Amino acid sequence: MRPNVVVVGASAGGLRALEKVLGSLPPGFDVPIVAVQHRSRESELFATVIQGRIALPVREAEDKEALAAPGVYLAPPDYHLLLEPGGGLALSTDEPVSFSRPSIDVLFESAADTYGPGVLAVLLTGANHDGARGLTRIRAAGGVAIVQDPATAESPEMPAAAITRGAVDHVLSLGDIAGELVRRSVS
Amino acid sequence: MMSSRSGIHGRFDVAASAEAEGSAASAHATSRAMTREGGPLSAESRATPLEAGRATRAEPAVPAFAGVSPLERLEMELLLEAIHRHYGYDFRQYAPSSLRRRLKRRLEGEGLATFSALQDRVLHEPAAMEALLRDMSVNVTGMFRDPTFFRSLREKVVPMLRTYPSVRIWHAGCASGEEVYAMAILLEEEGLYERSRLYATDMNAEALEHARTGIFPIARMREYTTNYLQAGGTRSFSEYYTASYGAALFHARLRENVLFAQHNLATDTSFSEFNVILCRNVLIYFDRDLKERTLRLFGDSLSPLGFLCLGRRESLRFTKVEQEFEELDPKERIYRRAGPPRPHREVELEGHLDRELAPSSRPTRTRGTG
Ligand SMILES: C[S@@+](CC[C@H](N)C(=O)[O-])C[C@H]1O[C@@H](n2cnc3c(N)ncnc32)[C@H](O)[C@@H]1O
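Chain order of the listed sequences is A and B.
Okay, so the first sequence: first residue is 1 according to our numbering, each after it adds one.
Okay, so the second sequence: first residue is 1 according to our numbering, each after it adds one.
Worth flagging that the hints you see were computed from the coordinates, not collected in a lab.
Take the hints with a grain of salt, since some may be wrong.
[Claimed, not checked] Among chain A residues calculated to face chain B with C-beta under 8 Å, some are:
hint, residue
1, Ser40
2, Glu44
3, Ala47
4, Leu82
5, Tyr115
6, Gly118
7, Thr164
Note that the structure is predicted; figures quoted are calculated from it, not measured.
Beta carbons are placed, not taken as given, at the ideal position from N, Cα and C, and that holds for glycine.
Sequences and hints are given; from them, build the entire structure.
Below you can see the structure in the form of structure tokens.
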């Protein structure tokens, strides 16, 4: 099925990976994209930096904002980002999960619950294990999980952990991910 | 303790006294209004503005929680209904995804498999309800959290407060009180503390208990000191507390003009009028409808030209009250009530809190009473 939403998780090395994947999508890519990139509390410039490098509109998510495409919604530093029934976004200051806030698992799990089979998830480079649990939930609810080939990742641990857990539909090189997203989002 | 609806530990007496004064009818009207959109978690009440314009309004493209089985959705609704009916805590209009996440965590914590099993336990074991409440009320907070916000308060709000004979401030959702102590320090340094009254409320009685002690972990003082200085602090932060046995005990003077009381934004009414209302990082836990209701409650509790302060990522955008406020500092989410004063209200809820505080120093009201 055509996805309702694309969710993306990235950690160490994420800026370059995100730039590559999002930058290769057509500017009119009409499925909303929601992304968590681990970063420090102070890094408020991240959205601006990414926006400078890609054509899709990028913004930091506001609480209770409605999703619209084309668009990339980034989790703000120090808040979890969740998808809500009804097509909106929600922020939360719940405790960090595995030392991370925003947490990729929190976004992915809310995506699985909210959209079930309508989720297309991408897990990119990172030096921890965030996202693996969330991908398992997404697949159990009928969604699709794409993981960056660890061999092409700046930090291989995060995608490798998801693969070890068996939480994957496709393992793709960084350069092939955008193509798969486009292929899956034309109805 | 928490054994029946009427036995909830000390609900905000102000609300009780307001009812005694004859506003019971309006309290009822509010609770009716809250359920007008159909049952809890109804997909319709969650329609976004985007969807509202579409033909599919009654039947959104994606049903609520498409990835959760219908049975589990039902069990979750029943659990919330049971908690509301038995204990009076109303979580039915909380933002559903983070609500669900926290309830799931409680399931794991109790070692249970279904929300029905959790419902059974919570109804029969008050201790399980207390644990759930603790999980439901996220008390993550700190002193001078978002220093630039406090700096903006100093630079943009304080000068106007200076022109008032007395200043009344409401911290709604104050958690364990760090934000309130920070505010007291700021007012003290600006020479306003003497004539200020701070009302600090939360639904969580345990958190308020903690707040009253004024004892906070010494391990966080470094962070708070940095924040304090960035927020424009003019003294040495360590002047405000005494360190002993790994704890920082804040000086009693900082809570002399503070009243901590239990108040639930989802179910209680307006109880007084304020010059400043701070409600930071609380509305993110509510769904759109409950956020609207709460903002109306703040509107009813704010004096003309009063200030409303929200959390760093919260805003009045897309809400019905947006037009009634102007943005004083958009980045720091400080709003000021704009335009003509609101229509005269029938019943003015007199502050029981005032009596409890300092009978002699009760501030003169800025508007006529009913
Ligand atoms: C994340 S804390 C915010 C603390 C502080 N204002 C800050 O920004 O640091 C959220 C608080 O909201 C309280 N809360 C949640 N629902 C509430 C309700 N319905 N009425 C009153 N307080 C509520 C919780 O108990 C918790 O203490």
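Structure-based check of each hint:
1. Ser40: Violated - the Cβ of A:Ser40 stays beyond 8 Å from chain B, reaching only about 14 Å at its closest.
2. Glu44: violated, 10 Å
3. Ala47: Constraint on A:Ala47 not satisfied, violated at 13 Å.
4. Leu82: holds, 4 Å
5. Tyr115: holds, 6 Å
6. Gly118: Status holds, d = 6 Å.
7. Thr164: violated, 23 Å
Hint violations for this structure: numbers 1, 2, 3, 7, all remaining hints satisfied.
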